[in-house]
Amino acid sequence: MPHVLVAYTDDEPGVLNRVASLFRRRAFNIHSLTVGPTEKAGVSRMTIVVDTDDQGAARAQSNLEKLLNVQKVENLSIRPSVVRDLVLLRVAAESTVRPEIIQLAQSFRATVVDIATNSLVLECTGSAGKIDALLDVMKPYGILEMGRTGVVAMARGADFFGAQSACTATEALAVNFQ
Amino acid sequence: MEMSGAHIIWECLTREGVSTVFGYPGGAVLNLYDALLDFPAMHHVLARHEQGACHMADGYARASGQVGVVIATSGPGATNLVTGLATAMLDSVPLVAITGQVRSQLIGTDAFQEVDVTGITLPITKHNYLVQRAEDIVPVLREAFALAATGRPGAVLVDITTDAQKAKTEFDWEGHVPHRHLRHLPPRPDPGQLQQALKLIKAAKRPIILAGRGIDLSGARQEVLAFAEKTSTPIAMTLLALGVIPASHRLNLGMMGMHGEAWTNQAIQESDLLLAFGMRFDDRVTGDLKTYAPHAKKIHIEIDASEIHKNVKVDAPILGDLRETLRVLLPQVKTKDHSDWLEHVAALRGNVNADAILEDHGSLQAPQVIHELWKGTDGKATVVTDVGQHQMWEAQYYKHDEQKSLITSGGLGTMGFALPAAIGAKLACPEKEVWVIAGDGGFQMNMQELMTLVQEGIKVNIAIINNGYLGMVRQWQELFYKSRYAATPMLNPDFVKLAAAFGIPGRVVTARSEVADAITEARGTKGPFLLEFQVEQETSVYPMVPAGASLHNMLRRETAEPAQIGTRT
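Chains as they are written, first to last, in the numbering used here: chain U, 1 to 178; chain Z, 1001 to 1569.
Isolated chain Z (complex conformation) (with noise of 0.2 Å):
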């Protein structure tokens, strides 16, 4: 059947399974814009910035991990997608970016709203590609879904030309099977590799098992928990694995590296083995690789073969999907009993006490927020964060026990990504509870999304942490740069009363006593609802690795004394 490449596009995005997309219309997309009244069970979620529309779309898909759909115009459209794009390649998200491009004749001509976008994002998306001819579009979104959401998912562009849009050809779904995407895809774990991580798991007598973000792509929590059950090896987590491996489980230490809690990241130091499930050594979780886990062997299941040896050298590499390497390692692993370790990982853990900001000492503290967040929703919502302080908080506070219920910038760490990947999540998992935790700044970055919020009619609450400072900023100011506060202080706009001219109800928190019944009143009412907290304003997060330095060399909390926690200025 003879169709229009709007058409094409749209009835390639249906036939992929895709029933809501985020975008923004404009002068290189309205064929595309036109063709969609033409698809009425396909859901456009009108953004208010192409920004938003991409963390829109990298929201829903983390939340649904299913391939999330951005499309934006040419020019100023597809450059707003750039840190969306980013955000979601470094944190291995599938998505696919549909862009609309001058018409063919005008490529090179700097013509109105021309950008170069494969140009522009060639180093941050898996593959992109310029469609010029309607006849081109079926192979080229066929193998750009395909390539999204296989081996290690990320984001891919397709930028299309008006000419392309409008010109009619025939449609042929089945003539295009793609087969590129296979090409890298890592063959069967090699047996010799395996051998040699059986026989470092068997001679083990400190092991531990670090938790990526893999393991949920490779659908191996069941795997992992076996695994871990089976060889009673204690578990520490990446940030993106938070709610992977369940946090109420008894071999779960909570998460590693720079906020991590310190017997964690002693226990890493202290241990013998190494089992890095999914996960790519970031800097952020080894600290100085000189003198990262000096005691421990490393066996690295991992199916992207350039993460392997790139940061930390590894003794047993395993190139391979997580979940099939430990299908076939399980039943060649032997029980194994290793309580005087978890005995002695416990004792770590005996000294500290990260509870205590918890209690009542007179002043609001970002954690009690979180805290009473997680008591409040029974520890069951999904929550989306920002980037910052109330980030770690959050990941130190908020016990996920279920995957997908943390939703965050890792490796990017882009401020402004928590308003509008909620609503992507929310949009995703409808019967989900979604809470919105942002700073005061990041939450300014995109807030505009919050008419997008209204005009879907979705409820997603919102908690912002307000400190009146760019807090993460802040703190290393105070730490590192003898409190020079450099453009970290930030005056505010009245939240509620911006809330309420986006028609949203709200409310602002000041006591610790308030914090329990704010949350059920956000909670209670019908639709979205913004809870502004007016925290402790110096307060910092602890422990903590200072950038560069060993794992084991952490700030500690402060003391509980009620003086010591923070002084408001």
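Bound-form chain U, shown alone (with noise of 0.2 Å):
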């Protein structure tokens, strides 16, 4: 079942490479891992779905927090947060059915981003479970090419998580210790 961890880390060279080395060796198969800054200069963000059971996650939690440059790691298949994936999708689109397929692809908030003669590509933002859904529609007419961002993920609610605490965590630890 896939899991969602977030993982900040320093924003510095290599860090990807240690993240990625950790489940390789830890065989844990991942799904998709998204990077990319955060409002904390500095911080890089990860979010990372992979594969496993409860336990599973909770290891792969404990094994990221290992690793120096991760600050730290929130698992947010254990409370209730946003998920977001996005797909960039050619589906063939003879004259004749593509009013068709544009109708379909509003009922999915899906945006026709191109239209060639026999082709049309679609973008569309969702939970993974609705873009699933996107592509088995489309699959009758032809998916000719498919492009996935991976997911990002945010939790819902008032608590408040992001770089910001995942620093002030470190430096009130840092404190504690001196």
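Everything labelled a hint here was simulated from the structure, so no lab data went into it.
A few of these clues could be false.
The calculated lysine-lysine pairs, modelled on BS3-like cross-linking and capped at a C-alpha distance of 25 Å, are [unchecked claim]: (1) Z/K1399 x U/K66; (2) Z/K1399 x Z/K1380; (3) Z/K1404 x Z/K1380; (4) Z/K1313 x U/K66; (5) U/K66 x U/K40; (6) Z/K1205 x Z/K1313.
Selected chain U positions facing chain Z (in silico; Cβ < 8 Å) [stated by the list, open to error]: (7) R18; (8) R25; (9) T52; (10) Q55; (11) S62; (12) N75.
Beta carbons are placed, not taken as given, at the ideal position from N, Cα and C, and that holds for glycine.
Using the hints, put the two standalone chains together into the complex.
In structure tokens form, the structure reads like this:
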């Protein structure tokens, strides 16, 4: 079952390699992994979807937290969260079926971002489940090309997460031990 | 003050309290070695192979409890450290490796002696660094030392380019206090988890402590003994915990696991509460997990969160430093009397005669050698073993009472470890009597370090247990591969003549009656001394839990009849 982990890491060369190497070494299967900046300079955010059970996710989290460059890890699978994936999809679309495809796309809130004579490109954002459903619907028309970003995720609610809190915890710990 | 990167490295080492380093020079560390001459207080030990240097730093760290330091050049120098780093990492030994790297403009070009050592060592270090600017040396080295020694200790590698060693920069020590290593230190033990543990301890009728190396690393020997005595709980030990709990302590059941005593393993299987103190339920300790301690609740006190629930699901996981945790637990634990349980365990022991093999049956047996060594050194030597049968016999028959008195490669099981690690241990503790015990196979993996021993002018005694086989592999072939001895019979050099070429005196021992005298001679000789014990060739280590079998399904010792102890071929 997919688990979503968010890791706040130092923005340094080689950190992605360390994280990827850890998952390989501990025999975890990565579904998707995305990296990007956060609201705080010097901190990167990795969203990792790993196919494992609850214990496996806990093990992945505790192993990630052993890496020096990892400041904090949140397991978003155990709390309400927003999980989004983006897909670009080139679908075969002769003029006869084009209106049908566009109509279907609209019900997924997918937008048409390119039209050629016999194909079109759709862009769709949503949960992995929604995108999988869109793919199912488009399959009969012929999917010519597909690119997915992998998910980014964030917890819902008033609890304050994010890179800011990750570093605050670190500094608090540092003060305790010095 | 402005200094070269190379001088900064030595200055950092000095300030970290390092007085001895182990290494091997080469093109990419010429600057570093040139600067060494400006630090006359630094003792550099020239190994004969970088692997040897790495095991020396490891032995130094295990014997002293301080961070060991090894230096190697780029390329082959760096790759030769790999086995040593993995050995240290698996056994939680604090180690800092400094390697030279080609100058930064050449990185990525496959330059002469260039290798991606940070890439290679990534899975076998706690962390590693590539340093390309002299300004980065102080922050990186300070963090490396802090990281190697805190939390669960381990190996850290720092790869420094030649231009960073050569460039001059301002030396700023105070401005670079490390802090990132504090990120993942465990918090104080969780009160809820402590309460759960106390409840289990209160309810237990047949508890057992599983003692691991974490006790030594956290300095918790006194606390563990106090806990055991207050709650009348027997203690079983991992290989790396031997000596951490005195062998002579009345509650000590000795080693558990694959070659542990049968009564010890049986007690674990019958126990209703396991208290795992700084150990990690290695497969050599548990046997088949499905049948492991089926009646027992489990409390696991561990500093490394990733070890909790890894192999064995536990009922009360306590994340924290062992000593600190026990100090909180101890006053809250009620005094218990488990004399029924202790008597039961003693009865399990009753029908085993582990000492039968020690009697003279006309052939020389390895356990007899270990036993005589134990007697001859009053049990007070620091013994450094290699890996294989002799290692298990050492664990069974040398009764260690002192912490850090057994130095052995547990997790990785590295042959060739003993001689170099013993050199490191002796340099760390010159006042200690240090013995190498190695098999004929493992000894030949790093025997070049005999010359290092001589060049350092230190006394380390060497006992080679020569059975003419790669004995442990032969034993598995005998038991599980129908005695098809593929590539295990070994032709050996004349070890005494070999030692003589290094300027080390030696003696061959072939009879039980000569053992004690030979040990006395070795101890009485001023410098190092090599003893070659030509022992019975096809004796196996018992008892034994076959790999993957249940802990209580042990192959037991053969009877004491001479003909059955082992037949010489």
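Checked hints:
1. Z/K1399 x U/K66: violated (36 Å)
2. Z/K1399 x Z/K1380: Since the Cα atoms of Z/K1399 and Z/K1380 sit roughly 9 Å apart, the hinted pair holds (cutoff 25 Å).
3. Z/K1404 x Z/K1380: holds (11 Å)
4. Z/K1313 x U/K66: holds (20 Å)
5. U/K66 x U/K40: With a Cα-Cα distance of about 22 Å, the restraint between U/K66 and U/K40 holds, given a limit of 25 Å.
6. Z/K1205 x Z/K1313: holds (21 Å)
7. R18: holds (6 Å)
8. R25: Result: holds, 5 Å to nearest chain Z Cβ.
9. T52: Nearest chain Z Cβ about 13 Å off; hint violated.
10. Q55: holds (6 Å)
11. S62: Nearest chain Z Cβ about 4 Å off; hint holds.
12. N75: violated (13 Å)
Violated hints, in rising order: 1, 9, 12; the structure is consistent with all others.
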